[in-house]
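Novice: Keeping their order, the protein sequence lines are chains V and B.
Each step along the first sequence adds one to the number in this note's numbering, with nothing skipped, and position 82 is 82.
Each step along the second sequence adds one to the number in this note's numbering, with nothing skipped, and position 471 is 471.
What the hints contain is simulated information worked out from the structure, not anything from laboratory work.
There could be a bad hint or two in this list.
[Claimed, not checked] Here are some of the chain B residues that sit facing chain V, going by a computed Cβ distance under 10 Å:
{"id": "1", "residue": "Glu-235"}
{"id": "2", "residue": "Lys-300"}
{"id": "3", "residue": "Asn-301"}
{"id": "4", "residue": "Lys-312"}
{"id": "5", "residue": "Glu-333"}
{"id": "6", "residue": "Pro-764"}
Where a beta carbon is used, it is the ideal one built from N, C-alpha and C, also for glycine.
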Amino acid sequence: MKVEEIDVDNEVGEVSEILSQNEKTKGILIHVLQQIQEDMGYLPDEVLRKLSKKLNIPLSEIYSVASFYKMFHFKPRGKKVVRVCLGTACYVRGSKKVLNMLENEFGIKSGDTTEDLTMTLETVGCVGCCGLAPVATINDNVVGEIIGNKKLEKLIDDIRE
Amino acid sequence: MTIRIRFHADCEVLKGDFSMVRLENIEALKNLRISLVNSEYRPDRKTIKVCCGLPCSTLGSHEVADALQKEVSKLSQDIRVVRTGCQGLCQKGPLIKIEPEGYFYKKVSSDKAEDIISSATLSNIPVRELLYRDSFLDEPVLLQQEVPFYRKQLKVALRNTGNVDPFSLNDYIASGGYRATEKMFSSMSPDKVLEEVKKANLRGRGGAGFPAGVKWAHCKKAPGKIKLVIANGDEGDPGAFMDRSVMEGDPFSLLEGMLICAYAIDATYGFIYVRHEYPLAIKTLKEAIKQAEEAGLLGKNILGSNFDFYIKIKEGAGAFVCGESTSLVASLEGKRGFPSPRPPRLSEKGGGAWGYPSNLNNIETYACVPPIIENGADWFLNIGTESSPGTKVFSLAGKVRNTGLVEVPMGITLREIIFDIGGGIIGDKKFKAVQTGGPSGGCIPEQYLDLPVDFDSLSKVGSIMGSGGMVVMDEGNCMVDVAKFFLSFTQAESCGKCPPCRIGTYQMLQLLEKITSGHGEKGDIEKLERISGLVKRGSLCGLGQSAPNPVLTTIKYFRKEYEEHVYDKFCKANVCSIGAFWIDQEVCILCGLCKQVCAFDAIKETRKSFLIDRDYCTKCKACYNVCPVQAVKAVKPKYIQIEEEFEIPIESLEAVEIKSSMFLKDILQSKPYEIITINKERTIADAVELMSQKNVSGVFVVDEDRKLVNIFTERDIVRCLHKNISSKEPLSNLPERDITIFDPSTSISSAIAVATRKKIRHLPVVEKAEIKGMITYRDLVSYLLPEIAFTTIKKYQ
Chain V
1 MKVEEIDVDN EVGEVSEILS QNEKTKGILI HVLQQIQEDM GYLPDEVLRK LSKKLNIPLS
61 EIYSVASFYK MFHFKPRGKK VVRVCLGTAC YVRGSKKVLN MLENEFGIKS GDTTEDLTMT
121 LETVGCVGCC GLAPVATIND NVVGEIIGNK KLEKLIDDIR E
Chain B
1 MTIRIRFHAD CEVLKGDFSM VRLENIEALK NLRISLVNSE YRPDRKTIKV CCGLPCSTLG
61 SHEVADALQK EVSKLSQDIR VVRTGCQGLC QKGPLIKIEP EGYFYKKVSS DKAEDIISSA
121 TLSNIPVREL LYRDSFLDEP VLLQQEVPFY RKQLKVALRN TGNVDPFSLN DYIASGGYRA
181 TEKMFSSMSP DKVLEEVKKA NLRGRGGAGF PAGVKWAHCK KAPGKIKLVI ANGDEGDPGA
241 FMDRSVMEGD PFSLLEGMLI CAYAIDATYG FIYVRHEYPL AIKTLKEAIK QAEEAGLLGK
301 NILGSNFDFY IKIKEGAGAF VCGESTSLVA SLEGKRGFPS PRPPRLSEKG GGAWGYPSNL
361 NNIETYACVP PIIENGADWF LNIGTESSPG TKVFSLAGKV RNTGLVEVPM GITLREIIFD
421 IGGGIIGDKK FKAVQTGGPS GGCIPEQYLD LPVDFDSLSK VGSIMGSGGM VVMDEGNCMV
481 DVAKFFLSFT QAESCGKCPP CRIGTYQMLQ LLEKITSGHG EKGDIEKLER ISGLVKRGSL
541 CGLGQSAPNP VLTTIKYFRK EYEEHVYDKF CKANVCSIGA FWIDQEVCIL CGLCKQVCAF
601 DAIKETRKSF LIDRDYCTKC KACYNVCPVQ AVKAVKPKYI QIEEEFEIPI ESLEAVEIKS
661 SMFLKDILQS KPYEIITINK ERTIADAVEL MSQKNVSGVF VVDEDRKLVN IFTERDIVRC
721 LHKNISSKEP LSNLPERDIT IFDPSTSISS AIAVATRKKI RHLPVVEKAE IKGMITYRDL
781 VSYLLPEIAF TTIKKYQ
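Given these sequences and hints, build the entire structure.
Specialist: This is the structure:
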């Protein structure tokens with residue numbers, strides 16, 4: 001989404017008739033940030049500055065909101081984002097082993113990106129596939145029942161390819 | 001293994017499926033339903049329902065559906081293939097249901113499509129290999145409702161999930177959707193609707209169980225013309241996925257429920273707050289809203305009633321605390337998701353989004369509303385218990401055989417859910433506890449398995465119903481570790497606004513870390529309880545107030561386990577990296593994996609075994625995890641103290657290993673040894689003098705050719721004295737006897753066995769008539785002393 005093209009009223013929808021201009025611009029802030037991140041992969045500083053001017057919201061406030069939510073990132077991210085589910089069901093079925101294995105294999109800690117930007121390793125609370133625990137996601141693809149070395153190696157290959 | 005999950009809307013077939021005329025009035029809706037039921041959605045039409053919920057999609061159900069559609073298009077038969085939402089039994093996916101017969105297939109792969117179609121069209125006999133069976137030996141079960149997993153279930157909130165195509169409004173209408181709306185617009189005033197919901201005593205399914213009707217009335221009473229209806233789809237509890245199933249599998253139910261609520265409290269705007277981890281739910285809901293608006297079931301002048309209602313989806317951005325009502329509103333307004341003090345409540349002026357009174361309910365609560373209006377409050381009151389009528393959806397996960405989504409009437413016992421529906425514990429292990437209500441809930445131990453489940457009974461035992469996550473744990477789970485897991489979740493998700501939650505949960509986590517890493521001290525458990533109480537009382541919002549629940553309930557019911565961690569440094573379930581590790585030699589298959597995997601060289605290899613050197617061991621559990629036969633065992637450190645008491649160095653334990661496989665010659669070679677002989681013509685006195693000189697207890701008696709004739713030992717002296725034999729007698733005059741001669745290649749253990757049986761203490765070792773040396777009982781014992789200590793360790797177990 002181009003910052004210049006934001007149409008505030010359209011984004012807010014019908015409810016805009018009961019909101020003030022300030023409430024409207026703030027109301028769409030999270031949505032706009034999500035769109036920017038979807039396009040660019042992260043929230044670059046210069047885009048946020050432009051957004052601040054466009055929506056008339058102080059830059060500090062934009063950062064305040066963006067840094068609160070876990071999904072926003074201020075640094076470039078790896079091509080493949082691997083999320084290991086540490087939800088309860090996955091945890092009791094051994095997802096920690098999966099995480100440790102990936103950390104060792106790629107030499108990064110959870111939350112980091114490899115230097116060549118191939119992959120970012122993260123943990124996630126629950127992806128809702130508890131029936132297939134332990135689960136990891138590579139971008140939007142879900143890999144389930146990662147039990148045993150064979151499946152782990154397959155997972156690593158999938159990340160590398 | 002990686003499977004691209006496709007969204008319904010990506011499928012070409014479905015894109016052209018929808019063409020909707022705006023319904024101008026109730027009559028039009030009724031006519032549409034009648035025409036749908038008589039044509040496309042005839043009840044007797046052959047329909048193949050493929051579960052395309054997220055878990056089944058992961059297992060490839062879209063490929064199955066594609067294959068089925070391809071097969072169908074080849075035939076001229078009238079068969080409908082539907083991609084439905086979650087059918088529940090996620091573990092056995094992809095699932096398929098054949099209507100109208102109701103055949104239920106599990107674990108279907110796309111190469112079975114041909115069989116399924118031909119069985120459905122030709123013989124009408126189900127495909128036997130795909131039917132559900134409890135075990136390999138059991139007869140297969142034909143119908144879905146006969147499968148044990150479904151037998152005790154009763155679907156209210158999930159009545160359509162898994163039965164209708166979530167992307168088709170027509171399907172929803174044909175299966176009875178919007179009947180409640182019809183009834184409401186044609187014969188019920190807003191107050192009547194409110195009364196009905198109040199009478200049904202529908203309690204909030206989001207966790208706290210606050211009666212929805214009371215909430216609605218409160219919101220309706222609030223001053224101001226503008227009211228909002230908000231649906232809470234920020235299902236952040238790990239292990240809970242029922243809201244997602246409703247949003248993805250039956251979005252129109254949610255829309256209808258919200259519409260009824262809006263009508264009752266006279267609201268014009270609605271929001272569905274969905275967490276961003278559920279992209280498919282967002283997509284489904286967006287499509288559903290679009291279709292409902294086109295059909296005139298949402299938006300301006302709904303069904304010609306002059307009632308307007310708009311719904312907008314708001315995506316969350318990944319913050320667990322936003323499931324809390326005031327934080328959710330803050331996030332809705334585009335602010336940081338901080339909770340705020342109540343009152344004002346959401347339903348009061350100044351409390352809701354942008355200050356407008358708002359009614360916030362859980363997704364499942366809204367999904368329960370249409371059937372209540374349609375069938376009346378009395379119907380709903382007949383289900384469940386007196387204080388908690390209706391049903392509740394649980395997402396059953398953890399160590400049960402059948403994981404998945406279950407909807408059961410309130411008042412069912414935990415045992416029925418876990419053992420009858422869930423099929424019991426995987427691997428027939430022992431049940432330990434069930435965790436309900438996610439990170440805000442608590443663990444319920446075995447003694448409460450027969451507890452009827454409703455809002456009040458669960459809170460009585462210290463847990464909560466919560467959003468309905470139900471994670472089953474067996475004896476392989478450590479309760480301290482489980483508490484630590486939940487706390488680390490809430491600690492990380494604490495928004496940081498109020499110190500009791502921010503600092504308190506951190507301190508609690510530190511204490512739990514300390515206990516699970518084996519550094520627990522006396523008083524830690526009490527400290528944990530004290531801080532829990534403070535966090536509970538001092539926190540601003542529900543997150544902090546309920547965060548100590550997992551810790552408190554595990555301490556309450558599993559205090560012994562905590563004490564073992566603190567005092568004995570021992571984790572019964574072998575989850576925490578404490579205790580002392582030890583290799584059971586009887587189980588060990590000598591594969592050597594433990595030695596390979598140990599990063600600290602703590603595993604010593606001897607010729608016949610592996611041993612763990614506890615001075616080097618960091619308790620990383622790598623060996624424990626890698627051992628294919630579970631020979632590495634964790635024991636309480638005090639059991640191993642015997643080694644330390646005897647101060648037996650690890651080297652001598654190794655030596656024992658070598659020695660137990662040694663031979664008599666090894667003993668002879670291992671120490672300087674002199675062969676002391678005496679000629680048989682010498683006297684007894686000479687022999688005694690020689691023994692005394694050399695300080696030995698026995699000598700060899702030989703002839704001129706140095707051939708062994710006899711041995712003369714201390715015991716012989718006793719015999720001589722007893723029989724009054726003169727010491728001047730030559731040794732050859734002693735009474736004849738058989739002496740046992742040992743070969744140097746005799747193993748030590750068999751030598752000991754012979755010596756013990758024959759009650760001899762001196763073992764002459766002779767090889768080819770040549771004397772090699774004398775081994776005494778003392779030699780053997782001194783060799784075996786460390787081994788005696790070593791075997792004692794085992795005895796202690």
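Novice: Work down the list of hints and note, for each, if the structure agrees.
Specialist: Hints, verified against the model:
no. : hint    : in the structure
1   : Glu-235 : holds, 8 Å
2   : Lys-300 : holds, 9 Å
3   : Asn-301 : violated, 13 Å
4   : Lys-312 : holds, 5 Å
5   : Glu-333 : holds, 6 Å
6   : Pro-764 : violated, 57 Å
When each numbered hint is compared with the structure, violations occur for hints 3, 6.
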